[in-house]
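Visitor: Now for the letters of each chain:
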Amino acid sequence: MIVAGRQTAFVFLIVTVALFYIFLEMARRGRRIPIRTFPAIAAIPEAIGRCAEMGKPLLYTSGYAMETLSNPDQGPQTLASISILSHVARLAVKAGVKLYYFTCIQDSLPLVEETLRTAYLEEGKPEEFDPLQIKYQAGQSPYLNAVLGFMQRERPAANILMGGFYYESVVMGEGGNTIGAMQIAGTANTHQMPFLIATCDYCLIAEELYAASANITQDPWVLGCLRGEDIMKIVILALLIVGFVISFTGTTFLIDVLKR
Amino acid sequence: MAEVVRRELVYVLTAVVVIIMIVDYFFAVPAISAIAGELNTWATVISTMALTLGAVNIIRVHSRNVRKRTPGVWYHSAWLIFIFAFVLLLGLTNINNPSANPIYKWIFDYSYVSLGQTWYAITGFYIASAAYRAFRARNIDAALLLIAGILVMLKNAPIGEVIWAQLPVLGGWFNDIGQMPAMRTFLIVAAFGLLAFGFRTLLGRERGFYGEVGGG
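Residue numbers (our numbering), protein chains in the order written: chain A, 498 to 757; chain B, 90 to 305.
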């Protein structure tokens, strides 16, 4: 019934989801699930405060992300970024900081507009929302040019680069450094993490991007999922060690099971 | 009330679509596969339709610049609007195959593509300046990074082999084997993060991108 080659993956999915559910139930019933603070998330108020003090805007961008939400690797990163944007936008509105959002992902535009509009509405300043704070450019290089041009003209005091970045990460990171902006970044694209780490002050790496909303809201549902994730990471680590050890015996049992 | 119903409807639709896609991936059910295929087509169509929103955004942003004569910007905006309209008209002259129009093809091949490639090539200089910042031996970790970075650079630069024939082998080890476990670790943990994100979305607990703040 299950497609050949996907049976073990299906079992892993069920076990992982079951763990998520067990831990979120435990969290809902009041069990405390400690979560470390992500320095990148903790630095967001500082970045917004810097913008407010200097009277400069805040730049937020979600990266190239293959220009669509439909891409299975990149789309979720954009969505996670928009989740963080909702938090950033509220803080920015509260502090009276103008936030500019740059994107080349056309199908994310309605979500971003709704997110920013809601942030202004919830902070009691709906009249201050300007849809033109959202700046769209089609294509990776034009988008990158637009961001660099904005950095040079408006000199934002802080840049937040969160999402599925490609080659633009290092250019934007260095461009931000040139103007002396405080920079907070995050991506799950392994090929771009080194560039963001090298060029930005704070960086969320890999699953931290997806877990950022848990850090912000401390929602027990989200914290429960994080604990489930941690358990599965230990399981994978154990499998790696067992696989490494039994590989010396020439046994292919584990590989055969995982390939099913 | 209408707003609450609208949001709940979005959560329900999201959950239904996620379940259909998961079932389609794991089970060979022709009826579900047909629905999943249809949903994928819809996603493509919606994404393409969203290009219109992008075009509207571009025109609004740049026409405002022109209207307000924003210093240092408005003439670029005027040029952008002109090129936008010009290329659009050229494309519309042969809507089934815009590339058949030689002027349209020339603009795309010899300005858009070449400018894009120029930008990509410039990245090398940005990487060099980022590497200069990252490769300063401020502590033991940074010093190790510096050594590995130099070895990988010498592997790629022809002078590396001239200095010592084994340098490319050493740099190649860092490039092909040394970094791989770390990168794969990130890939694996990112996959679990993605799974948890999907699970929360399925349950309607990840609401930031619906315009709400963070989780539920």
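Bear in mind the hints are in silico, worked out from the structure with no lab data behind them. Fair warning: this is a prediction, and the values are worked out from it, not measured in the lab. Among the hints, erroneous ones may be present.
Pair ranges (Cβ atoms, derived) [as the list claims (entries may be wrong)]:
#1 B/Thr274 x A/Ile532: 12 to 22 Å
#2 B/Met242 x A/Arg529: 41 to 51 Å
#3 B/Val93 x A/Leu510: 49 to 59 Å
#4 A/Val512 x B/Ala117: 14 to 24 Å
Derived coverage of chain B by chain A (criterion: at least 3 residues anywhere in the stretch with Cβ under 8 Å from a Cβ of chain A; other residues may be distant) [to be verified]:
#5 113–120
#6 153–165
#7 173–184
#8 196–208
#9 245–256
#10 284–290
Just a sample of chain B residues kept apart from chain A, beta carbon distances all over 10 Å, derived [claimed, not checked]:
#11 Ala125
#12 Asn129
#13 Val150
#14 Ala279
#15 Glu295
Yeah, the Cβ is synthetic: ideal placement off N, Cα and C, and Gly gets one too.
Visitor: Hint by hint, say whether it matches the structure.
Guide: Hints and how they fare:
1. B/Thr274 x A/Ile532: 12 to 22 Å: 20 Å, holds
2. B/Met242 x A/Arg529: 41 to 51 Å: For A/Arg529 against B/Met242, whose Cβ atoms are near 48 Å apart, the range 41 to 51 Å holds.
3. B/Val93 x A/Leu510: 49 to 59 Å: Once the Cβ atoms are compared, 31 Å apart, the range 49 to 59 Å for A/Leu510 and B/Val93 is violated.
4. A/Val512 x B/Ala117: 14 to 24 Å: Taking Cβ atoms as reference, A/Val512 and B/Ala117 lie about 22 Å apart, which means the hint holds.
5. 113–120: holds (count 4)
6. 153–165: Answer holds; 3 residues pass the 8 Å Cβ test.
7. 173–184: violated (count 0)
8. 196–208: holds (count 4)
9. 245–256: Since 0 is below three, the answer is violated.
10. 284–290: holds (count 7)
11. Ala125: Answer for B/Ala125: holds, closest chain A Cβ roughly 13 Å.
12. Asn129: 8 Å, violated
13. Val150: 5 Å, violated
14. Ala279: 4 Å, violated
15. Glu295: 6 Å, violated
Hints 3, 7, 9, 12, 13, 14 and 15 from the earlier list are contradicted by this structure; the remaining hints agree with it.
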